[in-house]
Amino acid sequence: SQQGEEDPQALSIQEGENATMNCSYKTSINNLQWYRQNSGRGLVHLILIRSNEREKHSGRLRVTLDTSKKSSSLLITASRAADTASYFCATARGFKTIFGAGTRLFVKA
Amino acid sequence: GAGVSQSPSNKVTEKGKDVELRCDPISGHTALYWYRQSLGQGLEFLIYFQGNSAPDKSGLPSDRFSAERTGGSVSTLTIQRTQQEDSAVYLCASSLTPQGANEQYFGPGTRLTVT
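Quick mapping for you: the protein sequence lines, in order, are chains V and L. Start counting the first sequence at 1; every next residue gets the next number (this note's numbering). Start counting the second sequence at 110; every next residue gets the next number (this note's numbering).
Excised from the complex, chain L in its bound form (with noise of 0.2 Å):
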């Protein structure tokens, strides 16, 4: 079956730019995450959807983070006005359920470079 997916692949923008990275997640999976992955570095949390809940937004690092996960099932990343320090790779992964946090399946991810 398909598995995550995530667009675009790439992305580069001029600083002060919004942006948009959409996740499409295994379908039936309720729990979806996003994270960031800055070069060379671990993974950082950033957000966390689950079924029709409140996200857990705690990992967003500032007001300029928001995303949304539409009808349960695609979620979009947007970042406003864009930073060089937001150049990073953003992962988003969905799992069957958030139960004891169970395996994760990643898309591919989208490497965002800000000029």
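Bound conformation, chain V alone (with noise of 0.2 Å):
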């Protein structure tokens, strides 16, 4: 099964307004990394955090880690139509990535 699951699976948001995705895995882990996907094609890398950091920052987007829950969630704020797609987490152990099943962020303009 796959070791990353999102949640929402889609999200609709008007532009301007912030988007909140989560992600929940099950086994430790040495980081976990944020893509994004535009048009079923290549993924981009967003942010990687890694097991020993609780936030991080890269313009408008912030990650948290909780690896007592098991959980990191991805903060998009002041959202614009050009951030529609698809995001995944993913998580590390060693050199294998586990890609979860992704959320649809669609941004109305």
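Treat the hints with care, since some could be wrong.
To be verified - List time: in silico DSS-like cross-link candidates among lysine-lysine, alpha-carbon distance up to 30 Å:
#1 V:K70 <-> L:K166
#2 V:K96 <-> L:K166
#3 V:K96 <-> V:K69
#4 V:K70 <-> V:K26
#5 L:K166 <-> V:K26
#6 V:K70 <-> V:K56
Unchecked claim - Restraint-style ranges between C-beta atoms, simulated for each label pair:
#7 V:R80 <-> L:E212: 19 to 25 Å
#8 L:K124 <-> V:A78: 45 to 51 Å
#9 V:T27 <-> L:G137: 28 to 34 Å
#10 L:G149 <-> V:E53: 27 to 33 Å
Just so you know, the hints here were simulated from the structure itself, not pulled from any lab data. Quick reminder that beta carbons are idealized off the backbone N, C-alpha and C, glycines included.
Each chain sits in its own coordinate frame; assemble them with the hints.
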């Protein structure tokens, strides 16, 4: 089964609003990454948070990690129509990276 | 610099035929991964190469699937006797090193349709 499970499966918001996506996982990890995918093609790496970190920022992105709850969240602030995409969390243990099923975000202009 | 490239971008084949999918990783990246993504789903790990080490084939769904990586660079994923359930987007990714599963750089994928 997939290591990472995203929630919600789909999210629709208005431009300017914040979008929050959650990810839960099952086993211990080295790090957790978030990726974005447009139009079912290649994924683009957004941010990596290590297991000893609790929060990380990159531009309009904020990621938190709670290893005690085995969960992470991705917050996109002041969303734009161009943020419409699928977002995946990926957990790494050793060399292997396991991807969740993703959250489909739709930002309405 | 050049990113990960994959060819062909689209492939339509008849059930029972063999197909070869190609991946050119970023130069200098020692780790290479193949994934499969069915419509609206997450990524399914298929196989992983690291340098000259034996690949991790634990994700290959059946013995019809095989992959090789020549000279530590280009990789080919071969699917023999294709079935309709093989229809998916096949994604290749590379990373500088596999340590801690660093950031992976993805190619645009090959969309395979088996009719």
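So, going through the hints one by one against the coordinates:
no. : hint                         : result
1   : V:K70 <-> L:K166             : holds (27 Å)
2   : V:K96 <-> L:K166             : holds (12 Å)
3   : V:K96 <-> V:K69              : holds (21 Å)
4   : V:K70 <-> V:K26              : holds (7 Å)
5   : L:K166 <-> V:K26             : holds (22 Å)
6   : V:K70 <-> V:K56              : holds (16 Å)
7   : V:R80 <-> L:E212: 19 to 25 Å : holds (23 Å)
8   : L:K124 <-> V:A78: 45 to 51 Å : holds (48 Å)
9   : V:T27 <-> L:G137: 28 to 34 Å : holds (31 Å)
10  : L:G149 <-> V:E53: 27 to 33 Å : holds (31 Å)
The structure shown violates none of the earlier numbered hints.
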